[in-house]
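Line by line, the protein sequences give chains C and Y.
Residue 332 in the working numbering is what sits at position 332 of the first sequence, and the numbering runs on without skipping anything.
Residue 64 in the working numbering is what sits at position 64 of the second sequence, and the numbering runs on without skipping anything.
FYI, nobody ran anything at the bench for these hints, they're computed from the structure.
All C-beta atoms in this analysis are idealised placements derived from N, C-alpha and C, irrespective of residue type, glycine included.
Mixed in with the good hints, there may be bad ones.
[Said to hold, decoys possible] Just so you have them, the derived chain Y footprint on chain C, three or more residues with Cβ under 8 Å:
| id | region |
| --- | --- |
| 1 | 147-154 |
| 2 | 217-227 |
| 3 | 233-244 |
| 4 | 266-274 |
Here is how the chains run, residue by residue.
2 protein chains.
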Amino acid sequence: MGGDRGPEVVIAGANISLIRHPETKYIMFGDEAAIRRELLKYPKLMERSEVVHTDVSIPMDAKPSLALRRTGRTSSLWKAIEAVSKGEASAVISAGNTGALMAMSKFCLKTLVGIDRPAIAAIWPTVESECIVLDVGANVGADATQLVDFSIMGAAMARALFGIEKPSVGLLNVGVEEIKGLDEIKKAAAALRELELPLTYHGFIEGDAVGHGVVDVVVTEGFSGNIALKTAEGTAKQIGAYLKAAMNRSLMARIGAVFAQGAFRALRQKMDPRQLNGGIFLGLNGIVIKSHGGTDETGFASAIDLGYDMAANGLVNNIKDDVEVINDVRAVDVAS
Amino acid sequence: MGGDRGPEVVIAGANISLIRHPETKYIMFGDEAAIRRELLKYPKLMERSEVVHTDVSIPMDAKPSLALRRTGRTSSLWKAIEAVSKGEASAVISAGNTGALMAMSKFCLKTLVGIDRPAIAAIWPTVESECIVLDVGANVGADATQLVDFSIMGAAMARALFGIEKPSVGLLNVGVEEIKGLDEIKKAAAALRELELPLTYHGFIEGDAVGHGVVDVVVTEGFSGNIALKTAEGTAKQIGAYLKAAMNRSLMARIGAVFAQGAFRALRQKMDPRQLNGGIFLGLNGIVIKSHGGTDETGFASAIDLGYDMAANGLVNNIKDDVEVINDVRAVDVAS
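Only chain C is shown next, with the shape it has when bound in the complex (with noise of 0.2 Å):
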């Protein structure tokens, strides 16, 4: 029921990531009419989908502490939540309200043992391929013990989706130099260079290094991660801006704009922010999927895609594994 068009681009969504993966079974939770409605339209994915009524839905503006009272346990949002937490679903996915999501999945999955908080990740695209990016604001804020937990579960994401035995690891900082930025990251430095863990710690790596490919996992606290995040897309969108004016300028322009016509399509779509939609919620005992929620069906495809591939690759597992690495370490070190 969520995101700005509701059961249309979900659904739509689905039929699409059904094609790439026919083996999918879905369960859709929401308003049965609706729902039915909308899957008339997809005889293939009608067959491979569950429809489980529900009268309550959070609104999209809806504050995460009135999700969480009473109606909101009836609602499509946490009943899609309980199944994975039943074993019922192997990831649920949402464009729904952000926060409400996040304080729900909390509440109904609980985090893994040994992380404080969980984080939110976003796949990155870089000049080569992709990086991820965590946490692009699930918290605001996050002391040395967070930074090194997003650190862990970030590289064991990357270990899922790119296939990297120990992926690169860098702490985004205002600069490169080991004097500068703030505590809590030189803290989490110091850590991730001494500890034993399955990533290479890269280093401190500023801003314009993102997008470059430095590292294949960026980590940051959620606001500078969030920001980070926006602001990139602003200025992927503002150049696309430009580059439409600058082609709309002069007769030669779109003479040349014809000719190069088939350059500008494969750029549009390696710049089509729907191909990496989704934002991950790591650090939780279950996959979480979170959709941006003005997407389309391409996007929301994107999504359950991303789901698909973390379920496929037991990256829950995975990052229990990691975490229990250091979680041992740290009793170590109390006892000690």
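Position chain Y against the provided structure of chain C, taking the given hints into account.
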């Protein structure tokens, strides 16, 4: 003596800016022989320049604390700042060590009464024109009082630079809803809504709104501001690389590129970071401009132009007047 290429770029840049502002006079601080060698290339500039020899120059990687020691006071950087404090120069422009420039500027010029910490402001290109973003890295973190100070200083700069009577100011945050984000930002928002200031408070803005030109002045603390700035620069470069690759991928695209070369030239110019080179230190008793260390003469000339504009428009007195307004308000607050 600063920047990656020293006097060569600085002096060539001064010559470019002199053509645009023939009434400028220069005082060049540094190794006299090296400066005179470069000045020989530009007779008009030589006529308008005085050279002050110094034996010491601050290395690009020197720690700010080292720069402030005894020998630091004999350096070209210190002497140049001192010229502003003595009223011999209207602005100092340097491509040197940022940390040393800031530390020395604070020490030598002092902050304005009521201003706790200076900020670095950058001019940010937007879809329609430009906006001002601060702090882009003078300090990590900022409390509500400092965010209000930044708002006042940024608005004064927008008035001087864009000629807008009551510039609009937005606080960078992770959401536009009033409930979101850091406490200090919320407190700053409350103060900005309440106080009678020579600016229009817009509210919270997200990262993607910066380049969209939603406000004239974007205020944030230095960590996220620096990351936003660098991320935008990185994204612009990344898309430039995509575009180049796209226009080389086929014969048709290459033919298109030939037709559209005028358009691409305009686009490149629009995206050229050298056009808006120069961070300005706000909150000091004097105008200090930091040029990017890696820039060329075109970029350095932009930094000089910025210093020129700010001096010609009486930026420091403008800020002083506006800060006095807020100081009075605060004094009443304390008294009551």
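Comparing the hints with the structure gives:
1. 147-154: Result for this restraint: violated, n = 0.
2. 217-227: holds (count 6)
3. 233-244: holds (count 10)
4. 266-274: holds (count 4)
This entry does not satisfy hint 1, going by the numbered hints stated previously; all others are met.
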